[in-house]
Amino acid sequence: MTAGTIHNKEQFLNRITSQLGRDRNRQVGLPEWQHRPQLDVFSGASVNELAAAFKKNSLEKSTFVVNTDKANLAEALQEVIMKYGGGQVVASKDARFGEFGLDAVLDNEKTHIWDTNRGQENIEIAKKANIGLFISDAALAESGTIVQFNDKDIARSISLLPTVYVAIVPKSTIVPRMTQVVQAVHQSVEEGNNLATCINFISGPSNSADIEMNIVIGVHGPVEAVHVIVEDL
Amino acid sequence: MAMKIGEKPFFDRVDDALEDGFMRNAMAKAQDGLRGRKLNATVGDEQIGDWEEWRSAGEEIRRHTLENLDYYLDQLSENFARLGGHVYFAETAEDATRYIQEVAKKKNAKKVTKAKSMVTEEIGLNEALEEIGCEVYETDLAEYILQIDDHDRPSHIVVPSLHKNKEQIRDTFRDKANYTGTEEPRELTAFARSQLRETFMEADIGVTGCNFAVAESGTISLVTNEGNANMVTTFPETQITVMGMERLVPTWNELDVMINLLSRSAVGQKITTYVTNLTPQLEEDSIDAPKEFHLIILDAGRSNALGTEFQSALHCIRCAACVNVCPVYRHIGGHAYGSIYQGPIGAVLSPILGGYEEYGELPYASSLCAACTEACPVKIPLHEHLIKHRENYVEKKGMTGEKMAIKTFGIGASSPALFKLAVKGMPAILGPLVKDNSITSGPGPMKLWTSVREFPAPGKDNFRNWFNDRGKGRE
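Taken in order, these protein sequences are the chains called H and B.
Reminder that position 185 of the first sequence reads as 185 in the working numbering, one-by-one numbering, no gaps.
Reminder that position 193 of the second sequence reads as 193 in the working numbering, one-by-one numbering, no gaps.
Isolated chain H (complex conformation) (with noise of 0.2 Å):
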């Protein structure tokens, strides 16, 4: 990879120092933090609490929840399409859902799975596509919340573009709150890895609340959106 360039930083940065009135400090440790209230959030609470809470707080951000099991899960996943006028389907490329057993649901005509040899067409089929198909890396229960690591396959338009996204949630995945998944991605880069292009968190269909406070439900992304908690365990 080519590094980028930086411009200005010794300058900009001697400046800052000299307004603290203190030597540059190159090498900062993070203090000892006496509050730390999102390690208590949910703390000791079971799978199923947790995915309870996840579905109650995902029907507050009117978002539609389906709960499954894997052996349901390709009936359930038709059923759901079915319910929101089928047509075009976008899915990421994904190898869990043929770990999911879901090959079958997707082997259609209707259903396009991202390919990134096909280049721009993929962005052509999903702006069109009725449903954006994919499974959420992690969950929030504290706010009804999916999330997505996108990269070239699970790509970022699959739940931004289509009119309704749907994200297959395995119950395993669901976590407290934002706390668990930072937490991951913070020992991942101090690890050395490289992040994800974009680490998505996403809690139902867009919406606003810019005119006169009221609030519109679809804006620039999703219109609907259905998460699809499925028992893994």
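Because the hints were derived from the structure by calculation, they are not lab data.
Glycine is no exception: its CB is placed at the ideal position from the N, C-alpha and C atoms.
No false leads were mixed into what you were given.
A few chain B residues facing chain H, derived, Cβ under 10 Å:
hint : residue
1    : Trp54
2    : Asp70
3    : Leu83
4    : Gly84
5    : Ile169
6    : Val214
7    : Asn228
8    : Val257
Reference listing, derived: stretches of chain H covered by chain B, where coverage requires no fewer than 3 residues with Cβ under 8 Å from a Cβ of chain B:
hint : segment
9    : 24-34
10   : 118-125
11   : 148-158
12   : 194-208
The calculated label-pair distances, taken between Cβ atoms and stated as ranges, are:
hint : chain 1 : residue 1 : chain 2 : residue 2 : range
13   : B       : Arg197    : H       : Leu59     : 22 to 32 Å
14   : B       : Glu7      : H       : Thr116    : 45 to 55 Å
15   : B       : Gly181    : H       : Lys83     : 24 to 34 Å
Using the hints provided, position chain B relative to the given structure of chain H.
The following block gives chain B in isolation, referenced to the frame of chain H:
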């Protein structure tokens, strides 16, 4: 246009605002709504435990980060560039816009889409890009409304079009964009969606602000609801992000706390619909990610606060919780501040960034009730900053009316004879102004008082006479 709004003096702007009944009703309604939502999502949400603990966590994170700002900015820039991004440290707004113009020229950019960002408003980026022939499209709904209404200015940090009602928005859409629908928010929003859909795809450059940058990984975090920021950062080939130099956290662990404080304090949400974290990985074979990523880190007066009693003003995370509880903002609205940063934080920040000459009167737009300090999720002592600004402003202005009055009082009070003369003479001096035992239109320094309330007429008797007479009666 940059940071300043309007050319009129402060008190004239206030008068204009006080006469605008619709705007004042809109502000009151919006404040009540936003404040109620915030309370439900903070002290009212048992799920997250003690909100005060969260505020304390936010305060200690912000304090540590600002105390070591040089170190963390160094780390951020090195990590961002290591992954292929380009970093430009801009001392002034002009430095920032010049660099962005150069990038746009190099890319031969014609269309630029923007997500909502106060910092790009602060540096006048739209005008700078238009100057070199770019078409700039605001895509946040509120900013879109303002832009098509002949570039109206923001009146609130989080909801910039707060001063407009749905009928006004309908009329603007109809007059400027051939809209034929009703004033229903759903219909107006759907119109904006359809208008911008293709523009997102056609843009050459996407511009965003930055809610927080993460130093340890070179990541930019955006906190949004509409999906427009995702569109702006997904489809254009080049992304440009402008951040105020103070908007960063050391690691992802601190990002978590700040996102929670911001989402709940700004809009009363447990989390906003999108929290999008972007790290340059530019050689990856992605179809829907930028190929070039520029980060502009802006000072533009912020360093004036470093190492001073105003340093904690830079802890601000732009949630507008202070704006939403301010009784003065409620009455005068956003435009009266004459700055894109309004309310208590605006009255603290604007003089730091733009100087006392331009914004020295803003700290007087406060009743010093301290509701702002109490509402702030990172515990900035806003009302104390306002008092300190007033002190500085008076000292800087030298012999002001206020200072002269106090000095005159000092001279009079130090001499019994002069004091007696002044007390005795006051009814006679003010006599011609008295009507029905009160003064409704006073001269000079009294004018500010009598423009909003009556001033009681001085009594014919005075305390000294009364006291002496009382003593005589006892004998």
